[in-house]
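Student: Single-letter residue listing:
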Amino acid sequence: MTDQEQVGTPEESVAAASAAAVTGTTEEVVAANPLRDPRDKRLPRVAGPCVLVLFGVTGDLARKKLLPAIYDLANRGLLPPGFSLVGFARRDWADQDFAKLTYDAVKQHARTPFREEVWKQLSEGVFFCPGEFTDDGAFDALAMMLKEIDETRGTGGNYGFYLSVPPKFFPVVVEQLKRTDLAHGPAGAWRRVVIEKPFGHDLKSAHELNAITSAVFPESSVFRIDHYLGKETVQNVMALRFANNLFEPIWNRGYVDHVQITMAEDIGIGGRAGYYDGIGAARDVIQNHLLQLLALVAMEDPTSFDADSLRREKEKVLKAVQLPHDLSLATARGRYAAGWQGGEPVVGYVEEEGIPADSITETYAAIKLEIANRRWAGVPFYLRTGKRLGRRTTEVAVVFQKAPHLPFSKDDTEILGHNALVIRVQPDEGITVRFGSKVPGTAMEVRDVSMDFAYGESFMESSPEAYERLLLDVLIGDPPLFPHQREVELSWKILDPIEEFWASQGPPEEYPAGSWGPASADAMMARDGRVWRRL
Amino acid sequence: MTSFMLTDTTASKISSQLTHLRHQLGSPAVGMVLTLVVLCDEGSQYDAVRAATEAAREHPSRILVVITRGADEPNRLDAELRVGESTPGEVILLRLYGELTRHADSVVSPLLLTDTPVVAWWPGESPEVPAEDPVGALAQRRIVDARAATPSVRAIASRARAYVPGDTDLAWTRLTPWRSLLAAAFDQPVGKVKRGLVEGSPDHSSAPLLAAWLGERLGAPMKVAESGGPGLTAVRLTTAEGDIVISRSDARLATLSRPGQPNRQVALTRRPTAELLAEELRRLDPDEVYEAAIRRVARTHKS
Ligand SMILES: NC(=O)c1ccc[n+]([C@@H]2O[C@H](COP(=O)([O-])OP(=O)(O)OC[C@H]3O[C@@H](n4cnc5c(N)ncnc54)[C@H](OP(=O)(O)O)[C@@H]3O)[C@@H](O)[C@H]2O)c1
Chain A
13 MTDQEQVGTP
23 EESVAAASAA
33 AVTGTTEEVV
43 AANPLRDPRD
53 KRLPRVAGPC
63 VLVLFGVTGD
73 LARKKLLPAI
83 YDLANRGLLP
93 PGFSLVGFAR
103 RDWADQDFAK
113 LTYDAVKQHA
123 RTPFREEVWK
133 QLSEGVFFCP
143 GEFTDDGAFD
153 ALAMMLKEID
163 ETRGTGGNYG
173 FYLSVPPKFF
183 PVVVEQLKRT
193 DLAHGPAGAW
203 RRVVIEKPFG
213 HDLKSAHELN
223 AITSAVFPES
233 SVFRIDHYLG
243 KETVQNVMAL
253 RFANNLFEPI
263 WNRGYVDHVQ
273 ITMAEDIGIG
283 GRAGYYDGIG
293 AARDVIQNHL
303 LQLLALVAME
313 DPTSFDADSL
323 RREKEKVLKA
333 VQLPHDLSLA
343 TARGRYAAGW
353 QGGEPVVGYV
363 EEEGIPADSI
373 TETYAAIKLE
383 IANRRWAGVP
393 FYLRTGKRLG
403 RRTTEVAVVF
413 QKAPHLPFSK
423 DDTEILGHNA
433 LVIRVQPDEG
443 ITVRFGSKVP
453 GTAMEVRDVS
463 MDFAYGESFM
473 ESSPEAYERL
483 LLDVLIGDPP
493 LFPHQREVEL
503 SWKILDPIEE
513 FWASQGPPEE
523 YPAGSWGPAS
533 ADAMMARDGR
543 VWRRL
Chain B
3 MTSFMLTDTT
13 ASKISSQLTH
23 LRHQLGSPAV
33 GMVLTLVVLC
43 DEGSQYDAVR
53 AATEAAREHP
63 SRILVVITRG
73 ADEPNRLDAE
83 LRVGESTPGE
93 VILLRLYGEL
103 TRHADSVVSP
113 LLLTDTPVVA
123 WWPGESPEVP
133 AEDPVGALAQ
143 RRIVDARAAT
153 PSVRAIASRA
163 RAYVPGDTDL
173 AWTRLTPWRS
183 LLAAAFDQPV
193 GKVKRGLVEG
203 SPDHSSAPLL
213 AAWLGERLGA
223 PMKVAESGGP
233 GLTAVRLTTA
243 EGDIVISRSD
253 ARLATLSRPG
263 QPNRQVALTR
273 RPTAELLAEE
283 LRRLDPDEVY
293 EAAIRRVART
303 HKS
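Here the protein sequences come in this chain order: A and B.
Take 13 as the starting number for the first sequence in the working numbering and just add one per residue.
Take 3 as the starting number for the second sequence in the working numbering and just add one per residue.
It should be emphasised that the hints constitute simulated quantities derived from the structure, not laboratory data.
Note that the structure is predicted; figures quoted are calculated from it, not measured.
Hints are not guaranteed to be accurate.
Unchecked claim - In silico DSS-like links for lysine-lysine, alpha-carbon gap of 30 Å or less: (1) K194/B - K225/B; (2) K15/B - K53/A; (3) K450/A - K505/A; (4) K225/B - K505/A; (5) K194/B - K53/A; (6) K209/A - K505/A; (7) K132/A - K119/A; (8) K180/A - K112/A; (9) K159/A - K194/B; (10) K112/A - K132/A; (11) K180/A - K209/A; (12) K216/A - K331/A.
Just chain A, same shape as in the assembly:
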């Protein structure tokens, strides 16, 4: 095939571009852009002209992650000329006040260096709309403001609405967007809504939440953020599995003994008692991050990396997940008691401010799952997460079976463990392979050694933050890294029976802060003749 056939002649593309100017959608214009060429890999994916409307600008997430990520995107040249940012909050503010908040957030939290000219470009497009969510007038004003921005900055009616507010406000905000007709753009323009976890607290509430958004926005316009999927290391799971021939042959029950997926935090619940109590570790972390990691590690290869194929494979494997029969033997939960964490005394969960004394919320959860398909039957997947554990780390460890026969004496291989492949998600992103090696100087003593690939070493410079990647994907309209509603519901189907069982079990077992969780979690592994990896 010649290049000409591949990309169309420049003349044709120009003609197509002008045709699209009259009738087509934004995407068609971009596709027909004569200056873009799939072979031109230097040109980054840049978002098209648009406005991002941010609800909850005064919140933690907005100040620490979203606003800095927007600046970093601008600094990397990935935001279009005319890009505009509208803040919405119940403050009696003018544009400059919101610009000041953004400036401070950027100065404090941005990843890339501060550059005056980038800030100038960005600040030109910063606007503020004051109001309560229940105030019809405020949303009418917002609609007017957006129309004006389209005229003055050429944003073409393309709006993204980022709901960085507690989920209980989703219904009213979404309803307002519907009432003011902001949820549906004219032909050729797009409207998208971005929502943050939690996506409900069980299957039923997830349904209800979805009913609210899907009544107003089509599923293809809803972007659910699971920021883990924006991490480079998590995307690297797919590269590791599907770009290499080295691992696939052993990535199955024939060679894998079991898989451990861990997300450990060293912090407590901080000031988030109101959010956390009644939710707990499993709903907060396992339902989304850990089950998504499980899906990526266990799924079959997708036919391509577009959203449909990828989600189909993730759904298939989530559907195949099975709970063990006796949940009392295959799950464990705990909550941290007072103790010493990294050299500091810390209080226990029930002593944290705002936690009722009779709380039965867990801060540690471990579960064992099986996947009923040909590749994984009989291979347990152990998932665990907790707060106030020894240290902060997230990893996926694929632990292999022992060699079927060891032509060494028993003493020589006494301390030889299982081979393992560990994907370190954070911190210190990378991959470790553990295997046996001869100890020098001895006759034939074999012991475990590690071979390391550190992201920071082979591709140093800080890689983009997850939120940068995800925000850009929202503005471009690229959905593979966002979980579909079906995945959300399948995950709740896995977790709901466990939560129901736990609800009848009284308060969770305590573990000292700074340790690695309750004794029952170790006992759960011991019953299977296994141990948790020491992290």
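Starting from the known structure of chain A, arrange chain B with the ligand on it as the hints suggest.
Tutor: This is chain B with the ligand only, laid out in the frame that chain A set:
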């Protein structure tokens, strides 16, 4: 950082000294993803090594700096090894004297990392056909800089005749932000472009490349005009509805104007050499868009 000098030495002595230094520091040669060979003279060595070391922060590399000294002197190889914390890889400065200056490949070849890509970079003057240079022939990617040649447009045209996939030019790399911004401007509907003009300081090496790329993609005649600089100062594209203009007078902040829409400001800073180099190292496959641009320069330059 540990630095070590070897005078009147050989590649194998350098190699074993390197292994020794690494053991001493307890840092094995893990994670290095490529070998970057810098071919320069003593005068440009300092800046080139600085840029290469900084680019190596993103792409940990073994950096071999080949410095040509007096060709009339007796044959000799001097080496300076730098390993350690501030350098995320290894830097080896090689000074070549006498007849050895014509056999740099015999020193470079045994010092390449095994089974990883090799990139050659000429920060200053470069050979007529980079791919046929003894060291260039060892590399998958050969980076030259048309800015070092006068008149640069003639150098670019001759690149087209010598082109081998894997050749590239920092004068082209400097254009990525401009090209990206122009492409973004065309993400909105634009009528047929009738003609265009690229303005820059006299003999700006990137201006003819930008004009050629635009001409190639838009199928319209493009001209290059001189301005007071600094660097590139404007791109003007004429359509039936009016002009689309990107203008930049301070080398930092550009203004985008298009018919029927208010002007908008966009950051458009010139990038330091280290960033250009890092961009080059990010993708090591042949750049066909660059090839098309230099071929057009060669065609239009003749006529
Ligand atoms: N923080 C994180 O790291 C994190 C991680 C994952 C998911 N999330 C999710 O991200 C979202 C935002 O999190 P966050 O931590 O930023 O929450 P937050 O700090 O509690 O902020 C919530 C925002 O909502 C606004 N708000 C609350 N009630 C309002 C009302 N009645 N009218 C108008 N505005 C109101 C607040 O404005 P005021 O200042 O006026 O109260 C604030 O800007 C939530 O959905 C959360 O679950 C957060």
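Student: What hints, given by number in increasing order, does this structure fail?
Tutor: 2, 3 and 4
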